[in-house]
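Two chains, two frames, some hints: make the complex.
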Amino acid sequence: MFATIRSRLILIALLVVASVYFLFPRNVTLRERGANGVMRDTLVTRVPLKRGLDLQGGMHLALELDQSKQVSADPKKDLDLALTVMRKRIDEFGVEEPLVQKVGDSRIVVELAGISDPARAKAIVQRSAFLEFKITNKTGALEKALPAMDRTLRSLGIKGKAEPEKPSAVQQLLGGDTARSTAKDSARPAPAPKAKAAKGAKDTAAKDTAAQDTTPLPGGVLSGLIQPSGPGGVPGEYGVPETAFPRVDSLLNLPAVARHLPRGMVLRWSSAPASVGVQPVRFLYALDDKSIVTGANLVDAAAQLDPLTNGPIVTFELDRAGGRRFGDETGKHVGDFMAILLDGRVQGRPPVIQSRIGRNGQITLGGKSLQEAQDLALTLKAGALPIPLKIVEERQVGASLGSDSIRKGITAGLVGTALVILIMLVFYRLSGALAVVALGLYILFTLGALSMVDATLTLPGLAGIVLSIGIAVDANVLIFERIREELMHGKTVRLAIDEGFKHAMNAIIDSNVSAVLTALFLFQFGTGPVKGFAVTLIMGIIASMITAIFVTRTFFMIWLDRRPAMSTLSI
Amino acid sequence: MLRLFGNAHYDFIGARRYAYALTAAILLPGILFLLLKGLNYSIEFTGGTLLQVQSKKTVNVAELRSGLDREGIPGAEIQNFGSENEYVIRARIAKPGTDANDTQATAGAVRIALDRVLGRGNYTVVRTEAVGPKVGGELRQKAFLAIFLSFFAVLAYLAYRFEWRFGLAAVIATAHDILATIAFIGIMRLEVSLTVVAAVLSMVGYSLNDTIIIFDRVRENLHKHKHERFAQILNRSINETLPRSVLTHGTTMASLIALTLFGGEVIRPFALVMLFGVFTGTFSSIYIASPVLMAIEQRWPGPAARGHLAPKKAPPASPSRKPQTVS
Numbered sequence: 017m018f019a020t021i022r023s024r025l026i027l028i029a030l031l032v033v034a035s036v037y038f039l040f041p042r043n044v045t046l047r048e049r050g051a052n053g054v055m056r057d058t059l060v061t062r063v064p065l066k067r068g069l070d071l072q073g074g075m076h077l078a079l080e081l082d083q084s085k086q087v088s089a090d091p092k093k094d095l096d097l098a099l100t101v102m103r104k105r106i107d108e109f110g111v112e113e114p115l116v117q118k119v120g121d122s123r124i125v126v127e128l129a130g131i132s133d134p135a136r137a138k139a140i141v142q143r144s145a146f147l148e149f150k151i152t153n154k155t156g157a158l159e160k161a162l163p164a165m166d167r168t169l170r171s172l173g174i175k176g177k178a179e180p181e182k183p184s185a186v187q188q189l190l191g192g193d194t195a196r197s198t199a200k201d202s203a204r205p206a207p208a209p210k211a212k213a214a215k216g217a218k219d220t221a222a223k224d225t226a227a228q229d230t231t232p233l234p235g236g237v238l239s240g241l242i243q244p245s246g247p248g249g250v251p252g253e254y255g256v257p258e259t260a261f262p263r264v265d266s267l268l269n270l271p272a273v274a275r276h277l278p279r280g281m282v283l284r285w286s287s288a289p290a291s292v293g294v295q296p297v298r299f300l301y302a303l304d305d306k307s308i309v310t311g312a313n314l315v316d317a318a319a320q321l322d323p324l325t326n327g328p329i330v331t332f333e334l335d336r337a338g339g340r341r342f343g344d345e346t347g348k349h350v351g352d353f354m355a356i357l358l359d360g361r362v363q364g365r366p367p368v369i370q371s372r373i374g375r376n377g378q379i380t381l382g383g384k385s386l387q388e389a390q391d392l393a394l395t396l397k398a399g400a401l402p403i404p405l406k407i408v409e410e411r412q413v414g415a416s417l418g419s420d421s422i423r424k425g426i427t428a429g430l431v432g433t434a435l436v437i438l439i440m441l442v443f444y445r446l447s448g449a450l451a452v453v454a455l456g457l458y459i460l461f462t463l464g465a466l467s468m469v470d471a472t473l474t475l476p477g478l479a480g481i482v483l484s485i486g487i488a489v490d491a492n493v494l495i496f497e498r499i500r501e502e503l504m505h506g507k508t509v510r511l512a513i514d515e516g517f518k519h520a521m522n523a524i525i526d527s528n529v530s531a532v533l534t535a536l537f538l539f540q541f542g543t544g545p546v547k548g549f550a551v552t553l554i555m556g557i558i559a560s561m562i563t564a565i566f567v568t569r570t571f572f573m574i575w576l577d578r579r580p581a582m583s584t585l586s587i
Numbered sequence: 006m007l008r009l010f011g012n013a014h015y016d017f018i019g020a021r022r023y024a025y026a027l028t029a030a031i032l033l034p035g036i037l038f039l040l041l042k043g044l045n046y047s048i049e050f051t052g053g054t055l056l057q058v059q060s061k062k063t064v065n066v067a068e069l070r071s072g073l074d075r076e077g078i079p080g081a082e083i084q085n086f087g088s089e090n091e092y093v094i095r096a097r098i099a100k101p102g103t104d105a106n107d108t109q110a111t112a113g114a115v116r117i118a119l120d121r122v123l124g125r126g127n128y129t130v131v132r133t134e135a136v137g138p139k140v141g142g143e144l145r146q147k148a149f150l151a152i153f154l155s156f157f158a159v160l161a162y163l164a165y166r167f168e169w170r171f172g173l174a175a176v177i178a179t180a181h182d183i184l185a186t187i188a189f190i191g192i193m194r195l196e197v198s199l200t201v202v203a204a205v206l207s208m209v210g211y212s213l214n215d216t217i218i219i220f221d222r223v224r225e226n227l228h229k230h231k232h233e234r235f236a237q238i239l240n241r242s243i244n245e246t247l248p249r250s251v252l253t254h255g256t257t258m259a260s261l262i263a264l265t266l267f268g269g270e271v272i273r274p275f276a277l278v279m280l281f282g283v284f285t286g287t288f289s290s291i292y293i294a295s296p297v298l299m300a301i302e303q304r305w306p307g308p309a310a311r312g313h314l315a316p317k318k319a320p321p322a323s324p325s326r327k328p329q330t331v332s
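Sequence lines, in order, name chains A and X. Numbering-wise (this note's numbering), the first sequence opens with residue 17 and increments by one. Numbering-wise (this note's numbering), the second sequence opens with residue 6 and increments by one.
Treat the hints as calculated values from the structure; they're not laboratory data. Mixed in with the good hints there might be a few duds.
[What the hints assert, rightly or not] Just a few of them, taken from the derived set where beta-carbon distance is under 10 Å, the chain X residues facing chain A:
#, residue
1, ASP107
2, ARG166
3, ALA204
4, VAL209
5, THR265
[To be verified] Pairs of lysine-lysine residues, derived as DSS-like cross-links and limited to a Cα-Cα distance of at most 30 Å, are as follows:
#, chain 1, residue 1, chain 2, residue 2
6, X, LYS147, A, LYS93
7, A, LYS92, X, LYS139
8, A, LYS104, A, LYS384
9, X, LYS147, X, LYS42
10, A, LYS85, A, LYS66
11, A, LYS85, A, LYS160
12, A, LYS348, A, LYS160
13, X, LYS147, A, LYS66
14, X, LYS139, X, LYS42
15, A, LYS118, X, LYS139
16, X, LYS139, A, LYS104
17, X, LYS139, A, LYS85
Every value quoted in this text rests on a predicted model; they were computed, and no experiment measured them. In this text, a Cβ means the ideal position worked out from N, Cα and C, and glycines have one as well.
The following block holds chain X by itself, in its conformation from the complex (with noise of 0.2 Å):
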């Protein structure tokens, strides 16, 4: 039979403090870059006007850009949005001495000004979103809320299928997928937009799925193994589980890869977004939600592991031997 990484026998845990250095060494520049340069908001969040445009000839973006200007919207974003004749327009600032929870003028202003560049009937506007500041704030506000919610939520969800510690140690290895995949969508200047975060919450999932798939390894090993130490037990159940991590970010990936590549310009940040939350789900069950559990349960012993902590009676964890890849 074909498997992968069938009777692995990785370190991983002795490793992690390797893990923790990449963990900052990615964690630390991106967070700086978000302080810095902060997150690309869609206008559904910021509020603003956006229409998509096919046109029959090419656009000057320079003489669209000074159209819009003259109709009172300054610093319009212009953006070539898949086709070379199809663009996007996004106008964040109100149309001045308007009220900006009334969408209709800004809108209206944008037609005024494609009507006088590229001539009535030459172009047909085929999306349109325009978002009053307030609708948007709302929208932040309860995307904010529902990240944080669906934390608790799960923590208790664990805390009663498992323990306390278990539950805590997946929410933190969660908390650093949400910062990374946030970091990344940052460097990568994603926009941030309802699907955005929709991906962001569904790799939330996905991540969470793959720590449980370990610790719930783990809660089994620890019954059936009583006499290894924590650190062994650790290892032991992600390199168990290894072959069906690779799998399944495999099917997953290859999903998502159809996806961006097929699935067009509006579903692209989605896909991008999970692709990379495949990644660092994978790496935070390993190597950060593992020593999270070890680390909470040397401070605080849970029964079920009071027996696997015990210093410096059981052999020194078996160091790692070269990988299986094929058998």
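Excised from the complex, chain A in its bound form (with noise of 0.2 Å):
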């Protein structure tokens, strides 16, 4: 078919216009944030091969379900509904091109290039975002209930050391922040004790360091450390020393403690530590278990400033039926108070409910920035996560370790290149010339092929077409001896040069064969770069093989075209 030199000659310039067209810079329509906070769409030019993750600086994220505080019951389901809310959080995120996508059946994989700031990322990835709005208990029910919960754990043996060591999964949930402050609080002096609260904190403190024996305190554990806010307070809110608060909650955690609760009531912790007099305390709110209202009836959400204060808000708006149910409720309970879970922690303090509330409503963030108030409604808007993820896997690689990386690519590429150019150049001179021309087209076509299955360039992939400029020529060498051979044996260079390429072409299409074999299974179990650097390969074998065999055969015959005489080759 392509016997004629013409025929070859287009095709060969009809593969490097199709190389050349995969690889032209050309526009691109991204999604950003603008400065304002506001989506908007740009228009970016640039060369259209996709960098992966480690060259260009950006974050990998595996995420599981976290069963360990609340168990799936349909783990399937709720993985893929969590992939749903992922999407839609990732795409108002407004990052280039993110990667969103399920990995086997219980994993999902978020790819984040060319972020700036990963923890707010990480943030927004992890956080449930199931919005609970409850009425505070005003009947007391906890006070009640506290010396009996304190007599259990007398009876545990667990007076003023239950194990405070280890942290509570609430602490880890929370993340660094708060293992800072707290490591922070226990390594200063506890300051001198105003409030019977701090006393107590005082106290156990120093239980738990020297004596394992003494009697236990007179009101019990936790009636020490738990404190009604008083009597102009909210109803059903408490304070406990911010350095007790781990430890208070392991301890309410334990099930014959939580026994003793009565029925229909919840404890909930604030979401972060207030200060009142000295020392920061941590509100504990005794609610209602049944929830008015929940995010899931949530419709839109967005973030301000309020007016008045100037401080963030989050406004909200729920669908019909929890509007109705919304008001009925309000209405039922004016002059309660209704505290806003998010995620299970109240926000702000409780207010009080003055008269009916409808569609329309708004949580106040004490001490947030405004971004945070936006990432909120980002994720409130998103829908809530079935069941809260944790970070399997973490990979994040800076902006500039990328570009170092390809700026050391490309020198070893460019030195490997002329080393190779110049091995070939010495051993087989004009013919050697001819292999050089065709590993430049080489490397265009592996470029543009790159570019049109829209693979991502990583960084081992970048060193496996370092080292495939190096094993390209190799077919050339094989038909390059094997014409030697043939012209060894006295054969014309026309007969020598149909030989050479015909015997070599088995040896090349076996050992190719094999080669793209184990690059397929590299592909197959890769992660991300290991996957580029399969890629890479196989696109590299092929596009050897065609230059090898086809483009360097086509020279050939134009040479041999020109010179029709010739009777020695320079080979």
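Right under this line is the structure:
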């Protein structure tokens, strides 16, 4: 079919044009978050070769359902639901070409390229964003239950020292910030006890370190630490010294203790410590178990600045059914206090219900930035995760490291190519020059093919390209050596070239097929960077076969055509 | 023309016993070393936390270590990475009391320790990897499976293209290469990362390539030289393909040396493993694959080789002549 030089040259030209076309810089529409926090589309011109996270900087996260606190009834369904929620969130987050996909049956992979604030991205990914509204308990049920709880604790042998060293799961959920503040607090000697609560804390702290078998506190462990907010405060609100918070939380979570809580009542912590007097205090709320409405009924949310306080707020709108229920319930509870919970934490101090509330409401975020409010609105709007997610794998590469890698890869590639060209010219002279031209085409074809299949170029992939430059000439070497052999057997130039190509073909095909086979397995098993390597390897092998067998052959045909009487070959 | 090892007539097959001794001398201590000291797996496989830190001032390693100890991360590895103020911190064990599969607590603790020792803003974390042991274990399994399966795929392909005798010999030679490379990785204390596994697999491809080139020539020569003994055929084939081998290894090594010198810290282990692979691949194609093929043919003669195995009919293999380096 491609017997004539002309048709061969046309095909080569087509391949070159196609490669250049796929590599030509083009306009890409990006959805970004502008300076004012609003999403907008921007046009960027660039070479359409996708760079992997390790080359352009970015974050790769693998997430799994975290069933340590809440067991999923149908993990498969919950994961699919989480995937949908995650897609919405990441779309709104506004990074270029994000990737959110399910891997296997139990994992979601999120890849965000070129992000500048990884901590924020992680917070958005991990936040469950489960919104609830609950009425605070005004019957003082917790005070009544405390003595019984303490008696149980005493009978369990838990006095001053329960399991205080083990950080509670709640503390883990809070992540680095809390860990840091508690670490700081414990490092600093406790301030002189003023409130009764603080005294309790100091006593237990002393017991933690020194005595193991001293007599328990007169009022019991919990009664000493959990103090009602006082007569003027919110009913159902209790203060706990921040230093004792993890410990009280783990004690309250003991099944034997939790049993004493009246039915229909739950305990929830405030999201952040408040400073009351000298010592930071964490509020504990006794709430009605039944939520009057949840985030499932939410249709819209937006971040704003409160015109009165200038603090950030998140306004939300409920759907019709949610609005009706919200109105009915708040109408019934006028004069009561309503806690707004996000992921099981009470946000701010519960406000009093002045009157019936309809479909629209707002959440006040004390002491947070507008960006945090925007992130909260974003996650609320995208919906709540059915089950919290935990990060089981994180890879993050800074943009500077990525560009450094590209620079080094290109240097290595240039040096490697120069050496290969040198070797080919020294050994094969004019024929070597033909092989070098073919090598140039090989590099062009490989990059073009990578761009065509939308492959991602990674650091190992870059190494693969450099390596394949060395290997790519192998097919040419095989052919040239074969031609030399045929010439030595006394064949004419024309015949030697024909025979050389013909006999080398078997070896070239067999060796390349087995190389592709191993690369396919590499692709199958590898994660991002290694997949990139496998793809460049496969593309490289295919391109090298085309250039060595087809392109170089054409060059020889032209050569012979120009000098039909050639009796010696520069090889 | 410039041709290395053109018209060479080395008696490769005759020297196979020395080659076996050399193989044993390399492999046995290597395997012993692996059994005693094991491999140095990267945290991608073991699970753990890695932070690459660029610091503005010189880091006092002892201070950093004690800072990490205080945050509940004892035994962290701190390693200089490239330049003087660039470090890699590896914590393989999760912060006690935390769920090791939830990678965040440990990474957070390392950052706190860095804040304390270096001071906030005095350093930048340029790379983070935090892998739960579950993810790492799965990856390890997948890596072994990939190597194992690629073995069989190649065996099947070679059995289809040649015959099973050739396929088996090639796979045995490849097994040798993998063992030797793993021993090399162990002795050099290179970290077994995903990239290194990728290097091992590409080394397999490369070494097979080399073996196939020789076997292809063997197949051809079996038809061409009907009266030669099998050992002679093998020697002839290896010698005939020698110039090609030398040149291809030369260009491949040129690329790899460029990668080793200029490719940067992350790519260096890959390049080193491949460089070693070029050597062992060449060695095994000549001294493992070919003699093993002969041994297999002697035991289970195939149709193509039958005529070449008749004992003592043909004259003994020609003694090795001096090589002609340049012609």
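Right, here's what the structure says about each hint:
| no. | hint | result |
| --- | --- | --- |
| 1 | ASP107 | 4 Å, holds |
| 2 | ARG166 | 6 Å, holds |
| 3 | ALA204 | 9 Å, holds |
| 4 | VAL209 | 5 Å, holds |
| 5 | THR265 | 8 Å, holds |
| 6 | X:LYS147 x A:LYS93 | 26 Å, holds |
| 7 | A:LYS92 x X:LYS139 | 19 Å, holds |
| 8 | A:LYS104 x A:LYS384 | 23 Å, holds |
| 9 | X:LYS147 x X:LYS42 | 23 Å, holds |
| 10 | A:LYS85 x A:LYS66 | 40 Å, violated |
| 11 | A:LYS85 x A:LYS160 | 27 Å, holds |
| 12 | A:LYS348 x A:LYS160 | 26 Å, holds |
| 13 | X:LYS147 x A:LYS66 | 26 Å, holds |
| 14 | X:LYS139 x X:LYS42 | 23 Å, holds |
| 15 | A:LYS118 x X:LYS139 | 17 Å, holds |
| 16 | X:LYS139 x A:LYS104 | 28 Å, holds |
| 17 | X:LYS139 x A:LYS85 | 19 Å, holds |
The structure fails hint 10 only (numbered hints given earlier).
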